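S.K.: Residue strings, one per chain:
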Amino acid sequence: MLSLGIDCSEFGVSVALANDKQLIMEQSTTENKRASQFLVPQIKALFKNTPYKLAQVESIAVAQGPGSFTGLKIGVTAGKVLANVNHAKLFGISSLVNLAFPLLTTGNPVLTLISARHQNFYAGIYQKKSGKIVTLLPDSYLNYSVLREKIKHFNGLLIMGAGLEDVKTDLKEFGIIIPVSSGNLFPRGYSAILLSKGEKSISPDQFVPNYIRDPQAVLAWEKNNPEHSVINYVEEI
Amino acid sequence: MKNNQQIILGIESSCDETSVGIISGKHQLLANVITSQIKSHQRFGGVVPEVASRHHVEYINFCIEQAMQQAQVTYSDIDGIAATYGPGLAGCLMVGLTAGKMLAACLEIPFYGVNHMAGHIYAAAVDHQIQYPALALLVSGGHTEFVFLKDETSFEILGTTLDDAVGEAYDKVGRLIGFNYPAGKAIDEAAQRGRQTYTLPRPMINRSDLNLSFSGLKTAVRDLVAHEKQKNTLNVDNMAASFQNAVMDVLIAKTKKALTQINVKELIIGGGVAANLSLRDRMANLIHNDFPQCKLTIPPLRLCGDNGGMIAAYGAVLAQHKNTSQLDLDCNSSLSFINAAG
Chain A
1 MLSLGIDCSE FGVSVALAND KQLIMEQSTT ENKRASQFLV PQIKALFKNT PYKLAQVESI
61 AVAQGPGSFT GLKIGVTAGK VLANVNHAKL FGISSLVNLA FPLLTTGNPV LTLISARHQN
121 FYAGIYQKKS GKIVTLLPDS YLNYSVLREK IKHFNGLLIM GAGLEDVKTD LKEFGIIIPV
181 SSGNLFPRGY SAILLSKGEK SISPDQFVPN YIRDPQAVLA WEKNNPEHSV INYVEEI
Chain B
1001 MKNNQQIILG IESSCDETSV GIISGKHQLL ANVITSQIKS HQRFGGVVPE VASRHHVEYI
1061 NFCIEQAMQQ AQVTYSDIDG IAATYGPGLA GCLMVGLTAG KMLAACLEIP FYGVNHMAGH
1121 IYAAAVDHQI QYPALALLVS GGHTEFVFLK DETSFEILGT TLDDAVGEAY DKVGRLIGFN
1181 YPAGKAIDEA AQRGRQTYTL PRPMINRSDL NLSFSGLKTA VRDLVAHEKQ KNTLNVDNMA
1241 ASFQNAVMDV LIAKTKKALT QINVKELIIG GGVAANLSLR DRMANLIHND FPQCKLTIPP
1301 LRLCGDNGGM IAAYGAVLAQ HKNTSQLDLD CNSSLSFINA AG
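One line per chain: the protein sequences are A and B, in this order. Sequential numbering from 1 applies to the first sequence in our numbering. Sequential numbering from 1001 applies to the second sequence in our numbering.
Please note that the accuracy of each hint is not assured.
Per label pair, the in silico range of CB-to-CB distance [claimed, not checked]:
#	chain 1	residue 1	chain 2	residue 2	range
1	A	58	B	1004	41 to 47 Å
2	B	1074	A	214	33 to 39 Å
3	A	231	B	1326	26 to 32 Å
4	A	168	B	1334	56 to 62 Å
When the alpha-carbon atoms are kept at most 25 Å apart in a straight line, the in silico SDA-like pairs for lysine to any residue are as follows [to be verified]:
#	chain 1	residue 1	chain 2	residue 2
5	A	197	A	142
6	B	1185	A	52
7	A	44	B	1219
8	A	53	B	1077
9	A	53	B	1073
10	A	197	A	34
11	A	128	A	118
Since the hints were made in silico from the structure, they are not lab data. Since we're looking at a predicted model, the values are computed, not measured. Here a beta-carbon is modelled for each residue, glycine too, at the ideal position from N, C-alpha and C.
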C-alpha cells in the first residue's frame, strides 16, 4: 500500500512516501517553516525519480496536533483534500507521539513538549512496552506548574520539545533533555506512516486538527455565555 | 457534463466564506457553493481570524464535493484549479490555497493563484462579456477602490480609500445604532424606511482625485448618535438613511469624476457592498442620465459577496492566457493591484 506521511505541526515540514513500511523517499526541512508555501511542492517532489504518482497514494497519515495552529491546518487540509480525490484512507497522528517516536526505542518514558507561550505547554508522555506504545500522559494543554506535578514520579524520563528555555533549569531535575533536531531526532513524515499502521482511519470530511485549545475569543465568549446552546455556526447559503 | 470548453474549479477562503465554484469556458458558471460563517462571527461582533480559518478546514471538502455534484463533473473533467492567494486573512487564505495546490498537484493540472479583487471584478464576467477598456468600482468590507482595466489582465488602481473600507464603515456604524455584524443589509433596509434628517459630512467629495475616506464620516455618526441618545431622540432609520446618503453621494460623485476623466466602455461594480440596493439604483441613474454610452454591470446579488465562482471566473482568464502559478505560491494577505495614484 502506497502511503504518504505529513508532519508540519511545529518543527518544519517533513513528508515521506512509503510502500507498506518500506520507505521510498522522505524530505524534511527544519529550517523553512512556511508550510503554506512549501508543503505541496515538497509532497510533489517525493514522486520525482520514482515510478509512482501522487494519484496512486492509498493511505495518508497526518500529524494532526497539537502544535502550531497554522501548521496543523495546512497539513490537515492537504491530507483531507488528497484523501478525497484518491479515495485514500486517512489517519490522524498525535504530533507529540510523532515527536517522541525516535526515542521510544530506548524503552524509557518520553515526555514531549510544545510551548504554547506564557509557560503553557502541549505535553504528552509515552513509553514503548512489549512493542506497543503506551500513553502515560495523554496529549494535554498544561501550565508548567501543573505539568511538573504530573511528571515528578517518572523515572528515567527523556524530555524533548521546543520553547523550553524558560523552564529548562527546573525541567532538568525530572529527566534528560534532548534537543529537537539533534541528529535525526525530529518529527518525520515516515514515522507518521509507521504510527498509522493498525490505527482506525477517519473520514476526510470529518478530519480537522486536534488543536486541544480553543481560540481566545471563543473561550471568552463561552465564559460570558455559559448557557449557550450549540448550533451550526456555518451554513450553506 | 464535459463539453469542449475548459473547466476551472475556483476556491475562495480569504475571509469568512468557504466557497467553491466551477466555470465552463469564461462565462458559464456550473456551480457556486458558498458556506457562510456569519452566525459564528456574530458571537464576537466581527470576524475572528483563528475561528474563521478553523471553519475553512472543516468545510473545504464539503464545498468541493457539493460543487462537483452541482456541476455534474468529476475530477477528471477539471482542466485547472484556481484559488485566492490574497488579499485577505493569512490563516484563512492558506487553507483554500493549500487545498487548491494539492488538487492541482494530484490531478496534474495547472494551478492559478487569483487576486481576490480581480475575482470581485470578474464576477461581472459570469454570463457576460466585459467590454474594454472598463472601470471597476470595488466596494467591500476590506476594500474600496477604483480600478482601470485596459484589457482583461491589466489592473490599475486610480483611487482608493485612505482609511476605512466602505463595508467596514457600514459595520462600525451598524454597531453604533444597534445592528448585528454584518450590518450592511440592515442599514440598507433601515435607510429605505427612514429619511435623511441628520447632517453628515461627505468626506473628500470636492477633491479632484479619486481617493476616498470614510473614517471621518463614521466618527461624525458616532458623535451624533451619542448626542441624540443623550436627548433620547435617536431615530435609527433616519440615522441609517442619513449615513447611507452621505456614503452614496461620495461614491456617486467620485464615480462621475472617474467616468469624466477617463473614457471607458463599461462600468463594473463589484464586492459585497455592490449588493446595496441604494448603490445599485443610484449607479443605474448616474449611467442612464450622464453616461448613456457606458454600460453598467453589477453582478447578481449572489456573486457580490465572496464566492468561489468569481475566483473560477478569473482563473478561466488566467488559463486562457496560460498564466499559471507555481505550486510554491504563498499567500499574500496585503496583495494589491498596481496603484497608479501612488
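S.K.: Now look at each hint and say whether the structure bears it out.
M.R.: Okay, the hints, checked on the actual structure:
| no. | hint | in the structure |
| --- | --- | --- |
| 1 | 58(A) / 1004(B): 41 to 47 Å | violated, 33 Å |
| 2 | 1074(B) / 214(A): 33 to 39 Å | holds, 38 Å |
| 3 | 231(A) / 1326(B): 26 to 32 Å | violated, 41 Å |
| 4 | 168(A) / 1334(B): 56 to 62 Å | violated, 38 Å |
| 5 | 197(A) / 142(A) | violated, 29 Å |
| 6 | 1185(B) / 52(A) | violated, 52 Å |
| 7 | 44(A) / 1219(B) | violated, 52 Å |
| 8 | 53(A) / 1077(B) | holds, 19 Å |
| 9 | 53(A) / 1073(B) | holds, 23 Å |
| 10 | 197(A) / 34(A) | violated, 28 Å |
| 11 | 128(A) / 118(A) | violated, 31 Å |
Hint violations for this structure: numbers 1, 3, 4, 5, 6, 7, 10 and 11, all remaining hints satisfied.
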